[in-house]
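**Student:** Chain residues, written in single-letter form:
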Amino acid sequence: MERIVEFMAMGGYGTYVWPAFGVVLAVMALLWFASMRGWRKSELDLRALRESRRQEEIAKE
Amino acid sequence: MSMHYFANPTHFTRLAGRIQQWAGGLAAGLLIAGLYLALVVAPADYQQGETVRIMFVHVPSAWMALFCYSFLAVASAVALIWKHPLADMAAKASAPIGAGFTFLALVTGSLWGKPMWGTWWVWDARLTSVLILFFLYLGYMALWQAIEDSQKAAKAAAVLALVGAVNVPIIKFSVDWWNTLHQPASVLRMDGPAIHPSMLWPLLVMALAFKAYFVTLLLARMRMELNLRRIRALRLADRTS
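Sequence lines, in order, name chains W and E. In this text, residue positions in the first sequence follow the working numbering: the first is 1, and each later residue adds one. In this text, residue positions in the second sequence follow the working numbering: the first is 1, and each later residue adds one.
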């Protein structure tokens with residue numbers, strides 16, 4: 001327990017060290033999920049559009 | 001197999017999917033290792049104490065800020081000269097990643113500056129030129145948004161990217177050319193790194209993690225861009241037929 005408290009304190013600089021690591025991980029995670037979500041959505045949209053085109057082609061024949 | 005094989009968008013998509021998975025796994029693994037090295041293994045500095053740990057996220061972020069912009073500028077030049085659509089997409093895809101890392105370099109630098117310099121911010125050459133880099137990224141992204149015709153947008157954005165590239169050497173050498181509060185380079189210097197191996201290793205692992213992260217997001221964003229263009233082309237074909 002004492003070691004954890006000491007680790008978190010970072011020699012008295014914990015209020016600077018932890019926010020620095022925190023903001024890095026937060027921004028990287030945010031950008032990661034936003035990029036992956038955007039890519040997945042584009043994949044589904046394209047697939048749906050192609051499928052609807054195919055159905056139209058079949059209906060025409 | 002030549003480069004032309006991968007320059008074909010269909011081949012690119014297939015290969016990119018595989019590389020993206022590997023790079024994503026590598027990024028996660030290296031990041032966990034890097035965080036452990038940076039927070040637990042690396043020693044505190046005899047002058048800066050524990051605040052020196054901020055270096056392990058600040059320096060790789062700053063490197064990426066410059067790397068992403070250099071990548072963006074080269075891709076823009078390729079797009080302008082050879083008019084290859086993947087080059088446009090690569091440039092566009094790298095901008096938000098670069099903007100993110102530039103923001104992180106500024107914020108972590110500020111969090112390091114307060115306890116060590118006694119101030120969150122100074123208008124010295126290094127800090128100011130990096131702030132300009134951040135605004136360049138934002139301007140570049142805004143330009144893509146502002147112009148409806150995607151070919152015109154690509155051209156205008158590429159020109160802005162190349163003009164803004166002047167800022168890259170200014171940032172790199174700002175600490176040598178001007179009297180700055182920011183310290184000069186201690187890793188990327190002509191006479192080798194002036195930093196102890198116990199601190200160099202965590203730094204390099206973090207830098208590699210950020211690089212792998214960049215590759216992962218770049219490929220995901222390029223594939224998204226490619227899909228969006230295919231969707232637009234399909235819809236356009238509707239309107240003309």
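You may find that some hints are simply not true.
Listed next, the in silico DSS-like pairs over lysine-lysine satisfying Cα-Cα at most 30 Å (straight line) [claimed, not checked]:
no., chain 1, residue 1, chain 2, residue 2
1, E, Lys-83, E, Lys-155
2, E, Lys-211, E, Lys-172
3, E, Lys-211, E, Lys-83
4, E, Lys-152, W, Lys-41
5, E, Lys-152, E, Lys-114
6, W, Lys-41, W, Lys-60
7, E, Lys-114, W, Lys-41
8, E, Lys-152, E, Lys-83
9, E, Lys-211, E, Lys-155
10, E, Lys-172, W, Lys-41
11, E, Lys-155, W, Lys-41
12, E, Lys-155, E, Lys-172
Not everything, but these chain W residues come out facing chain E in the computed CB check (under 10 Å) [to be verified]:
no., residue
13, Met-1
14, Ile-4
15, Phe-7
16, Gly-12
17, Thr-15
18, Met-28
19, Leu-30
20, Trp-32
21, Met-36
22, Arg-40
23, Lys-41
24, Glu-43
25, Leu-46
Label-pair ranges, simulated between beta-carbon atoms [to be verified]:
no., chain 1, residue 1, chain 2, residue 2, range
26, W, Arg-53, E, Gly-192, 34 to 40 Å
27, W, Met-1, E, Leu-138, 41 to 47 Å
28, E, Gly-139, W, Leu-44, 30 to 36 Å
29, W, Gly-11, E, Asp-149, 52 to 58 Å
30, E, Arg-235, W, Ala-9, 32 to 38 Å
31, W, Glu-56, E, Ser-70, 24 to 30 Å
Keep in mind that the hints were calculated from the coordinates and are not lab data. By construction, the Cβ of each residue, glycine as well, lies at the ideal position given by its N, Cα and C atoms.
**Student:** Does each hint fit the structure? Answer for all of them.
**Tutor:** Hints versus structure:
no., hint, verdict
1, E:Lys-83 <-> E:Lys-155, "holds (10 Å)"
2, E:Lys-211 <-> E:Lys-172, "holds (19 Å)"
3, E:Lys-211 <-> E:Lys-83, "holds (26 Å)"
4, E:Lys-152 <-> W:Lys-41, "holds (26 Å)"
5, E:Lys-152 <-> E:Lys-114, "violated (44 Å)"
6, W:Lys-41 <-> W:Lys-60, "holds (29 Å)"
7, E:Lys-114 <-> W:Lys-41, "violated (42 Å)"
8, E:Lys-152 <-> E:Lys-83, "holds (12 Å)"
9, E:Lys-211 <-> E:Lys-155, "holds (27 Å)"
10, E:Lys-172 <-> W:Lys-41, "violated (38 Å)"
11, E:Lys-155 <-> W:Lys-41, "holds (27 Å)"
12, E:Lys-155 <-> E:Lys-172, "holds (27 Å)"
13, Met-1, "violated (17 Å)"
14, Ile-4, "violated (12 Å)"
15, Phe-7, "holds (8 Å)"
16, Gly-12, "holds (8 Å)"
17, Thr-15, "holds (9 Å)"
18, Met-28, "holds (7 Å)"
19, Leu-30, "holds (8 Å)"
20, Trp-32, "holds (7 Å)"
21, Met-36, "holds (6 Å)"
22, Arg-40, "holds (9 Å)"
23, Lys-41, "holds (8 Å)"
24, Glu-43, "holds (6 Å)"
25, Leu-46, "holds (5 Å)"
26, W:Arg-53 <-> E:Gly-192: 34 to 40 Å, "violated (60 Å)"
27, W:Met-1 <-> E:Leu-138: 41 to 47 Å, "holds (45 Å)"
28, E:Gly-139 <-> W:Leu-44: 30 to 36 Å, "holds (32 Å)"
29, W:Gly-11 <-> E:Asp-149: 52 to 58 Å, "holds (56 Å)"
30, E:Arg-235 <-> W:Ala-9: 32 to 38 Å, "violated (58 Å)"
31, W:Glu-56 <-> E:Ser-70: 24 to 30 Å, "violated (46 Å)"
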